[in-house]
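A.B. asks: Listed below, chain by chain, are the residues.
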Amino acid sequence: MPKRKHLELWLGLMVIASTVLVLIGYFWLTGQPLGQRGYHVYLILPDGHGLARGDRVNVAGVEVGVVRSVTLEAVDRVSVRLFVEQDVQMPSDSRAILQSVGVFGDQLLVLRPGVASTFLADGDTLELGPPASALLDLVGDLGKDAEIVLAKIDRLLADSAIEGFHDILTGLRSTIGQIEQIARSNSADLKTLSSSLARTALTLEETLEGVEIDKTIADLEETAAMMAEAAGALRGSAESLSSVAAKIDRGEGTLGLLVNDSSLYVELRNTTRSIGALTTDIQMNPGRYLKMAIF
Amino acid sequence: MAAIGAGVTLTLYHAAGAAVLAFHTLRGMLRPRRYYQLMLAQAFDMGVASIPVVVVVAALSGAVTSQQSGYQFTGTVPIWIIGSIVTASVLTELGPLLTALVLVGRVGARIGAELGTMVVTEQVDALRAVGRDPIEQLVVPRVAAGILVLPPLVAIADFVGIGAGWLGAMLTLPITSSEFIYGTRTYFHDFALWFGLIKAAVFGATITFIGCYVGLRASGGAEGVGRTTTNAVVAGTVALMFWDAVLARLLKAFG
Chain A
356 MPKRKHLELW LGLMVIASTV LVLIGYFWLT GQPLGQRGYH VYLILPDGHG LARGDRVNVA
416 GVEVGVVRSV TLEAVDRVSV RLFVEQDVQM PSDSRAILQS VGVFGDQLLV LRPGVASTFL
476 ADGDTLELGP PASALLDLVG DLGKDAEIVL AKIDRLLADS AIEGFHDILT GLRSTIGQIE
536 QIARSNSADL KTLSSSLART ALTLEETLEG VEIDKTIADL EETAAMMAEA AGALRGSAES
596 LSSVAAKIDR GEGTLGLLVN DSSLYVELRN TTRSIGALTT DIQMNPGRYL KMAIF
Chain B
177 MAAIGAGVTL TLYHAAGAAV LAFHTLRGML RPRRYYQLML AQAFDMGVAS IPVVVVVAAL
237 SGAVTSQQSG YQFTGTVPIW IIGSIVTASV LTELGPLLTA LVLVGRVGAR IGAELGTMVV
297 TEQVDALRAV GRDPIEQLVV PRVAAGILVL PPLVAIADFV GIGAGWLGAM LTLPITSSEF
357 IYGTRTYFHD FALWFGLIKA AVFGATITFI GCYVGLRASG GAEGVGRTTT NAVVAGTVAL
417 MFWDAVLARL LKAFG
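Note that the protein sequences, when read in sequence, are chains A and B.
For the first sequence, the positions run 356 to 650 when the working numbering is used.
For the second sequence, the positions run 177 to 431 when the working numbering is used.
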């Protein structure tokens, strides 16, 4: 039956093609290339921290596998199944570390190689390492800081630095002695200068406490207040003028229209001309406009 | 009040009729040898012959989704999220639903018209007269063919839709290929893929079953056949939307 064979062939092709597409799409979307060889290892965690199937597994910053499944076995026990590429041989005492990456808190599993001579095999269970690299990084930072501080202390306690301190102290002592000697030899001049300064200060004080100065200051204050008031009034006037000028510029109001609209000017001139002509006509022919009749 | 009562009575009448037909169809499907030959012809017509239109619709829907979401999200969220949106939309909704809607117009209407014509020209009665079961001869092969071909068609539509979404994003949006791929993988749940295919099988059964049910109830000559065709498309579309809503709840429950 060629007809039947023809139908079966085409339908079979369609089903096979779609199945292949689904499989390719599935493995591609889950990040598992078809035919890739590798082994599975397990990791038991007390908390999954959002780890999900498809999350990456890295070794030394290179992607070497993928999280195949995350299963909650008990309320405090999460089993994670990892796929690791065949050519990545990890010592059996390697540890896994959870790291958060990206703005959405995606998780990344980092494998830290151990030192054992045997390697992880399919079905083995990994140990969880310390949380991320944060602790190690912190220890590293602290070590660096301590090194810097120690270097500075070393520099401070060096022999040359101590000798420098001795020289500075000797110089300081000599300077203080010289200042004492100068003060002793000029004590009479210093006393005269001091009494003169005291007299000047007294005179100034008397002048400042005088009645005339008080009156002058009061007058000045009154004048300043009046000027401030006048300035306020002037400011108000200026603002009003400015507002009026702005309205005129914008063409608001009669004056604004007159200033900005040339057609008004033209119309006004025409009207004036017409009134002139009318007046002349009235004068020439009053009978047209003024009727006076008794009956 | 009387109109409401008549409406309820009519609904119950159709529900009972559809239930009886569904029962006979399921029973008939247990004997594949009897309808295999007939099913092949139907499946070819529904499946292989529908591939071009399904591919065109899927490609356009994928490309439009990527562009629209790109315009909406550019500058507000990471651009790679477009890959996630296109993949999730195509796998869960656009792929199955648009393919099914295409088939409602192409297959549901044809089945309604075909069976309606057979009813009004008394060919169905003739089948009964020669001792053939019309349900086994007409309904079962069509419903089985619908269940068989919709999932492959949806798989093709998914593949084409995501591919077109990727291509559309590359050509029109400031996104790189690796960003799009990162997006497709980041929020991909494999249940969405399987769920889309399950939905496709349900849609295939729905389209063909409703076409058959409406067609077998045709009456009134050529005018009745025309009305039957319209009813098959309208009822099929409404039923698809209903299943889509119901199955979405299941997706939430199991996904």
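Misleading hints may appear alongside valid ones.
[Unchecked claim] Simulated pairs of lysine to any residue, SDA-like, Cα-Cα distance not exceeding 20 Å:
id : chain 1 : residue 1 : chain 2 : residue 2
1  : A       : K358      : B       : R210
2  : A       : K358      : B       : D221
3  : B       : K428      : A       : T426
4  : A       : K360      : B       : H365
5  : B       : K428      : B       : M417
6  : A       : K358      : B       : F367
7  : A       : K360      : B       : A217
8  : A       : K358      : B       : H365
9  : A       : K358      : B       : L214
10 : A       : K360      : B       : R210
11 : B       : K428      : B       : H365
12 : A       : K358      : B       : L373
13 : B       : K428      : A       : R408
14 : B       : K428      : A       : A407
15 : A       : K360      : B       : M417
16 : A       : K360      : B       : L373
17 : B       : K428      : B       : T352
18 : A       : K360      : B       : A225
19 : A       : K360      : B       : Y189
20 : A       : K360      : B       : R209
21 : A       : K358      : B       : M417
22 : A       : K358      : B       : Q213
In case anyone wonders, no lab produced these hints; they're calculated from the structure.
A.B. asks: Hint by hint, note whether the structure agrees.
C.D. replies: Verification of the hints:
no.	hint	verdict
1	A/K358 x B/R210	holds, 18 Å
2	A/K358 x B/D221	holds, 13 Å
3	B/K428 x A/T426	holds, 19 Å
4	A/K360 x B/H365	violated, 38 Å
5	B/K428 x B/M417	holds, 17 Å
6	A/K358 x B/F367	violated, 38 Å
7	A/K360 x B/A217	holds, 11 Å
8	A/K358 x B/H365	violated, 41 Å
9	A/K358 x B/L214	holds, 12 Å
10	A/K360 x B/R210	holds, 17 Å
11	B/K428 x B/H365	holds, 12 Å
12	A/K358 x B/L373	violated, 29 Å
13	B/K428 x A/R408	holds, 18 Å
14	B/K428 x A/A407	holds, 18 Å
15	A/K360 x B/M417	violated, 36 Å
16	A/K360 x B/L373	violated, 27 Å
17	B/K428 x B/T352	violated, 32 Å
18	A/K360 x B/A225	holds, 16 Å
19	A/K360 x B/Y189	violated, 42 Å
20	A/K360 x B/R209	holds, 16 Å
21	A/K358 x B/M417	violated, 36 Å
22	A/K358 x B/Q213	holds, 10 Å
Hint check: violations occur at hints 4, 6, 8, 12, 15, 16, 17, 19 and 21; the rest are consistent with the structure.
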